[in-house]
Amino acid sequence: MSKLFALALGILTAIGGFVDIGDLVTNAVVGSRFGLGLVWVTILGVVGICVYANMAGRVAAVSGRATFEIIRERLGARAGMANLVASFLINLLTMCAEIGGVALVFQLVTGISPLLWIPLAGFGVWIVVWRAKFSALENATGLLGLGLIAFSVAIFLLHPNWGQLGEQLIPRIPVTEDPSTYWYYAVGLFGAAMTPYEVFFFSSGGIEEKWTAKSIGTMRANVFVGFPLGGILSISIAVCATIVLLPQAIAVTSLSQVALPVIQAGGTIAFAFLVVGMAAAVFGAALETTLSSGYTIAQYFGWSWGKFRRPAKAARFHLVMLAGLIIAVIVLMTGVDPIAVTEFSVVFSAIALPLTYIPILIVSNDRGYMGRFVNGRVSNALGIVFLVVILVASIAAIPLMIISGAGQ
Amino acid sequence: MILSDLMRNDVLDPSGDRIGRVIDIRLRLEGVQDPSVARVVGLVVSPRSAASFLGYERSDLTRPVLLAGLLRWMHRGSFLVPWSDVLRIDSREVRLRPGYRRESAADPA
Amino acid sequence: MSKSPSVRAGRVFDARLQLLDRQVLDPDGMPVTAVAGLELSDVPWGEDLPADAEAPVVTALLTGPVLGTRVFGGRLPRRDGSGSRGATSGRSARPSRSRDQPTRTR
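These protein sequence lines are chains A, B and C, in that order.
Each residue of the first sequence is one higher than the one before, starting from 5 at the first, in my numbering.
Each residue of the second sequence is one higher than the one before, starting from 34 at the first, in my numbering.
Each residue of the third sequence is one higher than the one before, starting from 1186 at the first, in my numbering.
For the record, the hints were derived by calculation from the structure and aren't laboratory data.
None of the values given here were measured: they were computed from a predicted structure.
Be a bit skeptical, because a hint or two may be false.
[What the hints assert, rightly or not] Footprint (simulated), chain C over chain A, 3 or more residues, beta carbon under 8 Å:
#	stretch
1	75–87
2	343–351
[Said to hold, decoys possible] Incomplete in silico selection of chain B near chain C, CB under 7 Å:
#	residue
3	N42
4	R59
5	A71
We put the CB at the ideal spot given by N, CA and C, even for glycine.
Chain A extracted, bound-state conformation:
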């Protein structure tokens, strides 16, 4: 029974932890401008993250090696360092977006400027990362993140014209939008769904929780049940925006537009659930990106890392995270718009995707690490298909950003 409970807990955590500020903002923006014409990208991204998270989780469980340890082993010191610098900076950008997101959620509730919330959010993340137990922080944010179900419930409460919604699912570029803008947001949505930190965190988290080959079953359930259900939450955000924001041509410039459809549908109670869900999801993602900044650097240099060690036994790991948080807070205090930071972070994530995913694909085929747990044919076929998609998204991202004027 307790085993079943653990399984259910893991899945629920995966669902609630799936959505972050990137998903919240990008899905709402896309829904408000393109309707459901880009839902296929989210579905593609969710399948992609399932394929690769499953590989990374299996590598962590079987070989006990986390992602960046593998990247340095396979790519060597120089290419590994280039990968580290790019991955760390993009993760830092995502960290800024998440901490800014926490501040935006508090602004939504209190009306007080995010600039006042940013240092507090940064401090909160630091305290939790330093003091809280790994499983506690993961489970608490994951379960409370389930409040985001308010988006899914709101769809039904809004009584949409289902036939009209269904027609919208056919991918097409609205006449009012430039094709480059459509594809720019397609890359952004894909980046938001497959953000590299999810893999750093997932595989390092597996080692934090001392996975072994026996944990593969549980890990698979989390990935193949939890992530797709999390993806449904993600799509629900876009559907809500399509029903309410698109017809009125409301642009998403803060979280209040993201929340508007839910408030319109379910009033105060739905809003309460939503706020708890958003706060937990975004704060959880802030924790995950912060941990990822420590994981990547410590794993490259071979330092001791992990929440399972006392901070004194992993001092450099904690120092990196503290430094990352300070930088993120300073960047945000310059007054940059957290929504804009988020939009850039998902596109840059798309650029960085191959850096993370190619080494995972290689190592999960290596019997030297994996023994009999190497990839099967299906994993490899899907892995290669997504590798091509990832490469295309990565290469197209910058040109699309320039041509579309970053989606203007």
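Following the hints, put chains B and C in place on chain A, whose structure we already have.
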């Protein structure tokens, strides 16, 4: 001498023609002493690319087929030169003795 | 302590492929560093090697500044003005075991 002094150096045949670059050093553990000693067996030389094989030089790593094929192709023609056939080493080059041997660079493990 | 099969005598392995950039653990399994380079016993530098010379052996695993030379190129300052290069400016580590690779040297 450290490993980096040898890695990526140009390899010249006895007549001074460049035949490739050092991409790895093969070692053998000798068990006479405890702890054992790792002694250099020879230099792995690639005539084409000094870039990483990403592990695909090993014969048991063949998947995904597309990646393995691509990386093997980039490094086709790699060979092992036994240490006894090395004549001279300096900062940039490794010169081989007349009549040097080209042995299989296939995965030792 | 008995030897792990990965460090049995007669095992042949490639330095870059199977030793470089591997995690080094202390006897309690605590990560120490990653292998950034190897120190080999000296050979005459820039002059012909005697035909019957013994092949060099690995004398230490290196970490520290030597990593910078692998990332950015260049080489560490020489220990002395003579032909052979020293590795004293890289910190050498003598771990008792690495995760799965032979690391017993010296």
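Outcome of the hint check:
For the stretch 75–87 of chain A, the stated coverage by chain C holds: 7 residues have a C-beta nearer than 8 Å to a C-beta of that chain, and at least 3 were required. Counting residues of the stretch 343–351 of chain A whose C-beta sits closer than 8 Å to any C-beta of chain C gives 0, which falls short of three, so the coverage hint is violated. Hint on N42 (chain B) is violated. Least Cβ distance to chain C is approximately 12 Å, over the 7 Å limit. For R59 (chain B), the suggested interface contact is upheld, since its CB lies about 5 Å from the closest CB of chain C, less than 7 Å.
A least Cβ separation of about 4 Å between A71 (chain B) and chain C falls short of the 7 Å threshold, and the interface hint therefore holds.
Violated hints for the displayed structure, listed by number in ascending order: 2, 3.
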